[in-house]
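Peer 1: Sequence:
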Amino acid sequence: MIHERHSDVPAKHQLPSAARLAAALLAAPDMSAASAQIVAYVTTQLRGSGGVLVWSPDLPDGQQQFPALPLTDAQMTRTRAALQQAVATSPDEDGRIDRILCSVGVHGYAVLLANVGDDNRDAVVDIDEWDALVITVRPHLLKILELARLDNTIQRLLQSERVQQALFAISDLSSSDLDMTDMLRALHQIVGALMYTENIYILLYNAETDTVRYVYFADILDSFVADPNEEVALESIRNGVTWYLIRNGRPLRGTTQQLRAQGCDMLVPIGPESKDRLGVPMLEGSTVRGAIFVHTYSERPRYTAADQALLSFMATHILIALDRKQAHAELERRVALRTQELAVANVSLKAEVEERLRAERLQNALFRIADLGNTALGMEHFFRAVHGVIGELINAKNFYIALLSEDRSTLIFHYNVDEREPVRGPRPLADGATEMVLRSGTPMLLDAPEMQRMKAHRGTGLGEAARSWLGVPLICAGNVLGVVAVQSYSSEVNYTAYDQELLGFVSSQIARGLERQRAAEEIYAANAELEQRVDTRTHELRLQIEVRERVEQTLTQRNLELEAVNQQLAGAQTRLLQTEKMASVGQLAAGVAHEINNPISFVHSNLFSLRNYVDDLLAVLHAYDAWADDPTDAAKAEQLAAVKKQFRIGFLCEDILALVRESAEGVERVRKIVQDLKDFSHVGEADWQEVDIHDCLERTLNVLRHDIAHRLNIVKHYASVPLIRCLPFQINQVLLNVLLNAAEAIEHRGTINITTDLDGDEVRVRIADSGRGIEEALRKRIFDPFFTTKPVGAGTGLGLSVAYGIVQQHGGRIEVESQIGIGTTISVWLPVGHLSH
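For the sequence shown, the residue numbers in numbering that gives the first Met the number 0 are 0 to 836.
Don't read these hints as lab results, they were simulated from the structure.
Since the structure is predicted, the reported quantities are computational estimates derived from the model, not experimental observations.
You can take every hint at face value.
With a Cα cut of at most 30 Å, we get these calculated BS3-like pairs of lysine-lysine:
1) Lys349 - Lys396
2) Lys779 - Lys715
3) Lys779 - Lys349
Quick list of the computed label-pair ranges, beta carbon to beta carbon:
4) Ile153 - Met75: 27 to 33 Å
5) Val346 - Asp176: 24 to 30 Å
6) Ile411 - Gly804: 38 to 44 Å
7) Ala447 - Asp783: 33 to 39 Å
8) Ile411 - Glu775: 41 to 47 Å
9) Ile269 - Asp176: 31 to 37 Å
10) Ser175 - Arg812: 58 to 64 Å
11) Leu529 - Thr555: 36 to 42 Å
Using N, Cα and C, we set each Cβ at its ideal position, and we do this for glycine too.
Can you make the complete structure from the sequences, with help from the hints?
Peer 2: This is the structure we're talking about:
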């Protein structure tokens, strides 16, 4: 309430200009304007030496005054006394009257200090006029204070809303994709929307190293360029405002003089002098993690306690945002590093997988070619099947196999598939690339320029110039039989050293298969010739018998001669029976081969036919797909009808079923033929079993008996050993490969010693040969895939590698000992009770 000395003022004390003051107060837009009117009235109408109106719309800590100048300690004491005691008058010690207006309402207060200037110290304010002033301004001050309080409340609510939005924005920034610089620039804009921050810098403090990093710096005058990653020693800026704030850990606000009065007595300004500054620490609990500074170079409203509280509050959230951003950046760095590591590991893994797949494809191709060498019906069928196998490994669109004639003077192209030279006839040896491979006995890889140079230089034997050509010799038992070659006329297909290596591995099996095919053809020709000779001799004998019968009938008197003849005939008959028996054996062998080859041949033929049928069906399906995309398209419908008519769908469906049925019958016939071979291979017994290692050795020796019995002496030293748990067919494979390796190491005649014993909980099998031995430098490699000490074309190098893998799978181990000129011993340890997986 406004303190009043009288409830009413006599008319003689009414202020002549009170109405004008009231009107001015009614028109005042805010408390500052009203204060200016009242102070002006005091100094002009009441003859005061000066006045200051101090007010607060809500709480004392938010007080303001007009004019906006600092109050002295005496003036502040009088203001507080007026508020506490509601005193209206107070004579000074000199007898002059210094009046204090105390206007107190429920929503704020207003205190008017009169005679505060030094221009007119003798002026005296009339008490009645003073009281009239109080009565005049009282209702207007109450209304203005109420409006100011409401406006202050609205401003606080708006500020709270802006602060809340700023906090949401800061939280969003910490999880955004912006980098640190852009995020800090956005933080500057957010804080700048709440208070004056034209000049601002943010720094982080590292207590362990006592250094700071200026992560953000914006200043309109200071030319300092901050490096966010540079660690600056705190002692290098000793006694600066940053140093004081980090060391003390409490906010700083005001001018340089005010900061020195706040405890920064040795403060040394750095950079351009500021009119006002505000700095707050970024705290984590009681630990200083950094600081935020704002300052101004212009005369503008000073930073207030509210600004300090707001910036302190924002500093906490900015520190959280920085920590999150740094943690996110560190996480991204680690993720990127881990991703890079995984990428490197993935490349290595892919390379390993590709190498394994390559080895598997190559091994499969070698097995298939080896099988073709034993089962293919004729050279043409063998070459065509080999072409198909090689086509699965490399591009073999243009492929040929050229063999030397018996006199090695002519090159015969037994198999040729080429898009530009579909026919290659025999030719004398010339200077072509094929002949170069034949003469050198080594593979040759040529690109387009080399082919052109060779054609220009040699001119003969090269045919159509290819862009890439690869040829590999076919070598068997040290002799070059011919060349297998692939070539490309397209720039998109260029053969590499990898293709050369693959074709080189395959060529040895092709050469072996070729020799087997030649041997099979020779045997077939020999059998045919033998049959012809037997038939001829039989016919001759039959003629002789007829003649002798006629002689017997006509010359009965010559019984003795006939008996002799009969004895001769009886011997001839015995020989004939033996000959027929041998012919039967040959026929039986030929029959067995025929029984296997015949179903395999028509199954293979059926598969080729089936592949062609599938291609036709796929063509029909593609036509259906094209028509199904737009059934209304007449052209596509006509094309579909034409395709169906071309490929005879009904016939295809019937013949495919017939092909499958015939192929199944052929495979069943083959299965029955090979049923007897299961004793050795244990086909169908995929389970782990307990077996006697001696039985495995004997079965393996029986398989090898016809190959080694004529030149090798097998010495056995069997000990009493327990059964081992294993996959029998795999163990048989190990023993077969090791024994074959030992047999091949003995060039002429020799001995193989086989010893078994029990070594702890393992059964050991030692196979020692009297062969040539293995050099020490090569022993560590004998278990590597495709490694062999035999000449090119004499071995694949897979036997001991396969054996090593099987032994490892069984939980055992395999070792080799060798001495040059004495022989080699391979020892295999197998656990007695290995658990299957």
